[in-house]
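Novice: Assemble the complex: chain A is given as a structure, and chain B must be docked to it using the hints.
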Amino acid sequence: MTLLMTVGLLVASMLHERAKELRAANSRLAQSEARLVGFIISAHDAILSIDDRGLVRLFNPAAERLFGWSVRELAGTSAERLVPERHRESYRERLRGYLGDGMPRIQVELTCLRADGSEVPVEVSLSRHDVAGRPVLTLVARDITGRRIAQEQSQRMNDELERRVATRTSELTRTVGELESFCYTVSHDLRAPLRAIDGFAQVLVQDHGPGLDGEAQRLLDRVSGNARQMAALIDGLLELSRLGRGDLKCRPVDLARVAAEQAAIASHGHPSARIEVDSMPPAVGDERLLAQVLANLLSNAVKFSSRNEEPLVRVGAWEESGRIVYYVSDNGVGFDMRHASKLFGVFERLHGPKEFPGTGVGLATVQRIVERHGGQVWAESEPGRGARFSFTLDVAPQQ
Amino acid sequence: MDILLVEDNPNDAELAMLALRRARFAGEVTHAEDGLMAFDLLGLSAEPGGPDVRLPRVIFLDLKLPKVDGLQVLERIKNDARTHSVPVVMLTSSQERSDVEAAYRLGVNSYIVKPVNFDEYQSAMANLAAYWTKLNEPCPPGAGEAA
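Those sequence lines, one after another, are chains A and B. Read the first sequence against this note's numbering and you will find it ends at 399, with the numbers running on by one and no gaps. Read the second sequence against this note's numbering and you will find it ends at 147, with the numbers running on by one and no gaps.
Same shape as in the complex, but just chain B:
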């Protein structure tokens, strides 16, 4: 898995997939419809010491999510030794200072306001996918847990 997309809105999820496909992104994108599904996919629903889960190179996380809010999902990911070195990019509509501050306080790696203009949106998605899955060097396996 290259990208874990956590997005509850089917329109936004489809647009993200469309944008990545049109930008000829060849990696594997997994879609989680809410925070709980994301925890399952990241192996956070199981007790520590369970079977290894293949972690994504990057998580694209929406801010407003049902059940568990985006910021809570972020907090859980960053506070668990198994996932805290996985880069998380907040992909949201909110430019509210309080949201941006909260996300950075919880350790987000990047905060992106989704453009309404589709061309700009597609270009942003293409850049993000290329940067985090190709350019960026991920944390070596195990190093994250030891840290």
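The following block holds chain A by itself, in its conformation from the complex:
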């Protein structure tokens, strides 16, 4: 009896506990469901679910706002009503795929049909769940009209920008072409009168010299000298204009060999000048143009060190972060670094023609060539302590 009573009490107590647990679980479930419903109702995004027959099962207020249908009108009817006529075929096919096996959670952009017949672009997050052994699709949809407009605007602006760039580029190309052709014409047409000035002055001096006094002859020589100087300037301009055109024929160049060849040419007429060419890594470039760079730098170095009792010019190079720095240095008169920015300008000269002759085109040419190769050029000096001109080129790839 006592045992029976004890067992009975125990069972009663267990049943009571179980009932308590059940009540608590039910209450938690109810709370959770209430939270879920609240979340679905208050969600800013449209939420809807579609069962395995393609019928709408859930349609939240945001979905009502987005699509213009009320939940009463749509619940239990085909979700096809939200799909524009022209997309329905592909919708059915995709729906079958989404309801089938192995569909991960995906995100797609779609065009949907509203109740009033208008269309709206939406971004949809789509996932499949199984409810009582049957698949259900849950869709969270967001209106992306604003984003589409922004994208279209940005695309329009891009197109407009590209159109403008193309127009400007073609205008610039035409202007550059016109300038070059102008430079070419002017340069050639200017040479003809110069030839006449020099020619007639020479004939006057040589054939009629006896009839002219010393001063007249000296002045005629000045006329000739100026005509020749101007011809040299025009030649320089023509050369510079030529360098701006034409394709670069780039290949690995042994600059040490080129420097040695140019050194031999530069030292003509300067027997006391010593030019030392160090070993140098090969560069990539147009050999003919790079030879012109070295020719101009070497002839400058020889010219500006010619007053030194022991003129010394050095050519060398070092490698620095993937590029090569080549230099030509001399122990000549040098220059004040305050004027360094003027050095590479066309017709810019830091010395008078009586001090050192020249046209002022040589360094402009050097700069034009080096920059066309994607390199940089600069100079360092101090008055009376020589100068060093450096330029960079890309390293030649290993053979």
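It is worth saying that the hints were derived from the structure and are not from the lab. It is possible that part of the hints are untrue.
[What the hints assert, rightly or not] Which bits of chain A does chain B cover? Going by a derived footprint, with three or more residues having C-beta under 8 Å, they are:
{"no.": "1", "segment": "195 to 201"}
{"no.": "2", "segment": "227 to 236"}
[To be verified] Selected chain B positions facing chain A (Cβ under 10 Å, derived; list incomplete):
{"no.": "3", "residue": "Asn11"}
{"no.": "4", "residue": "Glu14"}
{"no.": "5", "residue": "Ala19"}
{"no.": "6", "residue": "Arg22"}
{"no.": "7", "residue": "Leu63"}
{"no.": "8", "residue": "Lys64"}
{"no.": "9", "residue": "Ser94"}
{"no.": "10", "residue": "Gln95"}
{"no.": "11", "residue": "Glu96"}
{"no.": "12", "residue": "Lys114"}
{"no.": "13", "residue": "Pro115"}
{"no.": "14", "residue": "Val116"}
{"no.": "15", "residue": "Asn117"}
{"no.": "16", "residue": "Tyr121"}
{"no.": "17", "residue": "Gln122"}
[Stated by the list, open to error] Straight-line Cα separation of at most 20 Å, SDA-like style, residue types lysine to any residue; simulated pairs:
{"no.": "18", "chain 1": "B", "residue 1": "Lys114", "chain 2": "A", "residue 2": "Glu239"}
{"no.": "19", "chain 1": "B", "residue 1": "Lys64", "chain 2": "A", "residue 2": "Glu180"}
{"no.": "20", "chain 1": "A", "residue 1": "Lys354", "chain 2": "A", "residue 2": "Leu233"}
{"no.": "21", "chain 1": "B", "residue 1": "Lys114", "chain 2": "B", "residue 2": "Glu101"}
{"no.": "22", "chain 1": "B", "residue 1": "Lys64", "chain 2": "B", "residue 2": "Tyr104"}
{"no.": "23", "chain 1": "B", "residue 1": "Lys64", "chain 2": "A", "residue 2": "Leu190"}
{"no.": "24", "chain 1": "B", "residue 1": "Lys64", "chain 2": "B", "residue 2": "Pro87"}
{"no.": "25", "chain 1": "B", "residue 1": "Lys67", "chain 2": "B", "residue 2": "Phe39"}
{"no.": "26", "chain 1": "A", "residue 1": "Lys342", "chain 2": "A", "residue 2": "Glu355"}
{"no.": "27", "chain 1": "A", "residue 1": "Lys342", "chain 2": "A", "residue 2": "Gly352"}
{"no.": "28", "chain 1": "B", "residue 1": "Lys114", "chain 2": "A", "residue 2": "Cys183"}
{"no.": "29", "chain 1": "A", "residue 1": "Lys354", "chain 2": "A", "residue 2": "Leu219"}
{"no.": "30", "chain 1": "B", "residue 1": "Lys114", "chain 2": "A", "residue 2": "Ala232"}
{"no.": "31", "chain 1": "B", "residue 1": "Lys114", "chain 2": "A", "residue 2": "Tyr184"}
{"no.": "32", "chain 1": "B", "residue 1": "Lys114", "chain 2": "A", "residue 2": "Gln229"}
{"no.": "33", "chain 1": "B", "residue 1": "Lys114", "chain 2": "A", "residue 2": "Ala201"}
{"no.": "34", "chain 1": "B", "residue 1": "Lys134", "chain 2": "B", "residue 2": "Val86"}
{"no.": "35", "chain 1": "B", "residue 1": "Lys78", "chain 2": "B", "residue 2": "Pro141"}
{"no.": "36", "chain 1": "B", "residue 1": "Lys64", "chain 2": "B", "residue 2": "Gly107"}
{"no.": "37", "chain 1": "B", "residue 1": "Lys114", "chain 2": "A", "residue 2": "Val203"}
{"no.": "38", "chain 1": "A", "residue 1": "Lys342", "chain 2": "A", "residue 2": "Gln376"}
{"no.": "39", "chain 1": "A", "residue 1": "Lys249", "chain 2": "A", "residue 2": "Ala295"}
{"no.": "40", "chain 1": "B", "residue 1": "Lys64", "chain 2": "B", "residue 2": "Met17"}
On a predicted model such as this, the values are computed, not experimentally measured, just so you know. Beta carbons are placed, not taken as given, at the ideal position from N, Cα and C, and that holds for glycine.
Specialist: Chain B only, in chain A's frame:
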């Protein structure tokens, strides 16, 4: 006629004449002021089979000419059986690659950039005149047309 000088610029024409005279060139130099006058002098204005024209030993041709451009004059001379064996020397200010290429493509025999320095110019003219009118053996008459 030894030299036909086709040159529109009166300064350049006079300088050429001066240079040749000072270099004691004794041959006959005829001056044409443009391409059309050159065609007349070369007999190219008449239909083929007309009266024979005495052709020059050499033509000194300027590149930039009014009416008919120097390169067109060259093309006409080189494309006509009556004149294509007459040597043509381009005498010009242009060192432009495109001009030089075009001239050689059309069959020019020599291309000279006129020096601005008169001494060099005179020496160039003297050498050219001596080479083409004395040293160079011209194409025998008739052989040119048959070729």
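Novice: Please list, smallest to largest, the hint numbers that this structure does not respect.
Specialist: Hints that this structure does not satisfy do not exist here, as all of them hold.
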